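Asks: What follows is each chain in one-letter form.
6 protein chains.
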Amino acid sequence: MRITVSRRAHFNAAHRLHNPTFSDEKNEAIFGKCNNANYHGHNYELEVFVSGEVNQETGYLIDLKVLKDIIKEHVEEKFDHKNLNLDVPEFANLLPSTENFAKLIHDILASKLDPAFSIQVKLWETPRNAVIYPAIDQIR
Amino acid sequence: MRITVSRRAHFNAAHRLHNPTFSDEKNEAIFGKCNNANYHGHNYELEVFVSGEVNQETGYLIDLKVLKDIIKEHVEEKFDHKNLNLDVPEFANLLPSTENFAKLIHDILASKLDPAFSIQVKLWETPRNAVIYPAIDQIR
Amino acid sequence: MRITVSRRAHFNAAHRLHNPTFSDEKNEAIFGKCNNANYHGHNYELEVFVSGEVNQETGYLIDLKVLKDIIKEHVEEKFDHKNLNLDVPEFANLLPSTENFAKLIHDILASKLDPAFSIQVKLWETPRNAVIYPAIDQIR
Amino acid sequence: MRITVSRRAHFNAAHRLHNPTFSDEKNEAIFGKCNNANYHGHNYELEVFVSGEVNQETGYLIDLKVLKDIIKEHVEEKFDHKNLNLDVPEFANLLPSTENFAKLIHDILASKLDPAFSIQVKLWETPRNAVIYPAIDQIR
Amino acid sequence: MRITVSRRAHFNAAHRLHNPTFSDEKNEAIFGKCNNANYHGHNYELEVFVSGEVNQETGYLIDLKVLKDIIKEHVEEKFDHKNLNLDVPEFANLLPSTENFAKLIHDILASKLDPAFSIQVKLWETPRNAVIYPAIDQIR
Amino acid sequence: MRITVSRRAHFNAAHRLHNPTFSDEKNEAIFGKCNNANYHGHNYELEVFVSGEVNQETGYLIDLKVLKDIIKEHVEEKFDHKNLNLDVPEFANLLPSTENFAKLIHDILASKLDPAFSIQVKLWETPRNAVIYPAIDQIR
Chain A
1 MRITVSRRAH FNAAHRLHNP TFSDEKNEAI FGKCNNANYH GHNYELEVFV SGEVNQETGY
61 LIDLKVLKDI IKEHVEEKFD HKNLNLDVPE FANLLPSTEN FAKLIHDILA SKLDPAFSIQ
121 VKLWETPRNA VIYPAIDQIR
Chain B
1 MRITVSRRAH FNAAHRLHNP TFSDEKNEAI FGKCNNANYH GHNYELEVFV SGEVNQETGY
61 LIDLKVLKDI IKEHVEEKFD HKNLNLDVPE FANLLPSTEN FAKLIHDILA SKLDPAFSIQ
121 VKLWETPRNA VIYPAIDQIR
Chain C
1 MRITVSRRAH FNAAHRLHNP TFSDEKNEAI FGKCNNANYH GHNYELEVFV SGEVNQETGY
61 LIDLKVLKDI IKEHVEEKFD HKNLNLDVPE FANLLPSTEN FAKLIHDILA SKLDPAFSIQ
121 VKLWETPRNA VIYPAIDQIR
Chain D
1 MRITVSRRAH FNAAHRLHNP TFSDEKNEAI FGKCNNANYH GHNYELEVFV SGEVNQETGY
61 LIDLKVLKDI IKEHVEEKFD HKNLNLDVPE FANLLPSTEN FAKLIHDILA SKLDPAFSIQ
121 VKLWETPRNA VIYPAIDQIR
Chain E
1 MRITVSRRAH FNAAHRLHNP TFSDEKNEAI FGKCNNANYH GHNYELEVFV SGEVNQETGY
61 LIDLKVLKDI IKEHVEEKFD HKNLNLDVPE FANLLPSTEN FAKLIHDILA SKLDPAFSIQ
121 VKLWETPRNA VIYPAIDQIR
Chain F
1 MRITVSRRAH FNAAHRLHNP TFSDEKNEAI FGKCNNANYH GHNYELEVFV SGEVNQETGY
61 LIDLKVLKDI IKEHVEEKFD HKNLNLDVPE FANLLPSTEN FAKLIHDILA SKLDPAFSIQ
121 VKLWETPRNA VIYPAIDQIR
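Residue numbers (our numbering), protein chains in the order written: chain A, 1 to 140; chain B, 1 to 140; chain C, 1 to 140; chain D, 1 to 140; chain E, 1 to 140; chain F, 1 to 140.
Pairs of lysine to aspartate or glutamate residues, derived as EDC-like cross-links and limited to a Cα-Cα distance of at most 20 Å, are as follows: (1) 122(C) / 47(F); (2) 103(F) / 53(C); (3) 122(B) / 77(B); (4) 65(D) / 45(D); (5) 65(A) / 73(C); (6) 65(D) / 80(F); (7) 78(D) / 47(D); (8) 65(D) / 53(D); (9) 112(A) / 80(A); (10) 26(D) / 63(B); (11) 72(C) / 76(A); (12) 33(F) / 73(A); (13) 33(C) / 69(E).
Quick caveat, the hints were computed from the structure, so don't treat them as lab data.
All values derive from a computational prediction rather than experimental measurement.
Build out the structure end to end from the sequences listed, making use of the hints.
Replies: Okay, here's the thing in structure tokens:
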């Protein structure tokens, strides 16, 4: 009995998009308002999908309290009220785009959860913009 | 032209998680607040996904009024305002976890709908916790 | 500068509506499915509105972290995963209708917050049904 | 690094469901209230999923501003405040069911976006009814 | 113990905004896309607020099942899947703007509910646009 | 016929809470994570309420397209993707708390709209935290 559970979480952060190998003009042309040198910010909404086999003794795939605490410790506390560019070492040399951010969160969670599970994350930067990693045509 | 239609429904129920083969201590350790002997409850939100070929004469995969009525008769009326442990025979010997509940709803709907359709359900126990059956990496 | 801040919270509980001074027939006629002897349950959504004067040194009406913690300690922990009829002394002789429940939450919060504040609560029993106390034409 | 980005959009339109090769009785029997000769209408919510490889120089799969503008020009401006039956040539001989509408929007967007991308759309006709094209068991 | 209960409902309809005493140019200038001669449509979301005294025997202001049925019979069935201009007599000589529509729904409900209650309605024409009647500074 | 219309808008920004007349310890004690020197950020959701008399010729209180454009020009374009502390002159000597921010937006809109209208704003800093100005017990 293979199943997927999902858990949502929320945090907020500041960031800017800026590639130091680009000229200022190219950064402005490509990243527009997201290139603001003084940073801007978002409330990020996260949905984590964990797939695997249900434990028949507990009826659980994973105790959602455990999943909630792992997300809280390794994602919410790491990123909440932070400046992604300045406060998060992983973004020292990596653009904090939603794409790269979703993959980073996926990789953090995959390293903390039982490797028998398959993990997918959906990260909303705004209520209308989101990123899913791995891609929906790769999750199998 | 293969397509998926989805329909959402809502109902509420009481339940508790308790495995009679476990000691009281183990039930408390594993299920925590969900083990409360007096029950607790939820508003369940359900999204049913039905995949198949569109009928070119009607433009429909399935008349959503028909799908709505099947969900109402076989899911909402069966579970709404019920105690899952005491009022639902299928849970007499099965833990009413969201995982098992999602699979039960899937199996009920699959037995009522044209077997040519492929069915998936997403069941939210709270706005932040949900289960999808079959797993998102198995729906193909 | 008088302002209102609002904070949302979430918890779930089981309950039933039953007036012991009514006959079984009258209870069934008035409360319908809500009279189920085995209880049913809900995810309750709560929005708490606090009105008063802004502190110009902090820019705050009240530190929302303080408000969040008061709601968590005195509302969420008191009611979450509980059976309102059996686990909550205030409902020993009071019908746990959403109306009475909203007033109880209002009165608990009013007793824990600075009396200079005016408090209003909105309590959703389902996404479509809610109660506001005090009434919207009385909050002044 | 294959990823999916999603973007939501909103528009509204009038339509009716009516197959001219059916008798009036059959149209009424199959389409019910949706057959009203004077039309009815909806707020349509659209979520567009685009899958492909992330550009490591920008951290983007696709500039969401570009995706937003393509959806605005080719979907929102084409359908918003329109009568699907009378104002949209593609529906002159095609039933404007949500199924056919979702496929039309998919095909429009696929023709405007880089063919290296894989496209999926989810179109809500009401908050409870939606269609996904291609089917969730075909997106691979 | 004065309290407010609220109940949400949903329906959809087509309409156009057109004042026959205006020239075509003036209609176009004032109503823009909403003047489309072929109609457009919306999913309307409605929240009905009823204020009054709680009945201590039932714990209810009003049985929400009764309120739900009154809204269903006198609002949803009257307007759902209708063309407001052509199918609703009250709009024969009245512009079906959201403002006039909210007042009409208020007046219908006020005529069906106990006159001891005070009624307010909020009507969303889109997720971002709504009308409240009576005005929020008049409900007292 | 006095009525209220509401319009929702969305933008995002970075900010920090820091009172330069406080010691670092006091700033940390009062503002906690919101005091991060590198800033953090939010998606702000705004609902603007405008109350007044309906124009019987148009059925409108105010053309919502006009209201939308005023909000876009004077609120969204002024604050979107900005650092409130560094990019917004009004916050040079004013704490950018949600309370002060809501009042600023109210005052901007009141200065751009017909003074016959009464204005109220609700500003969400996160999905669970919001501020309403003027206070709900003052709007009359």
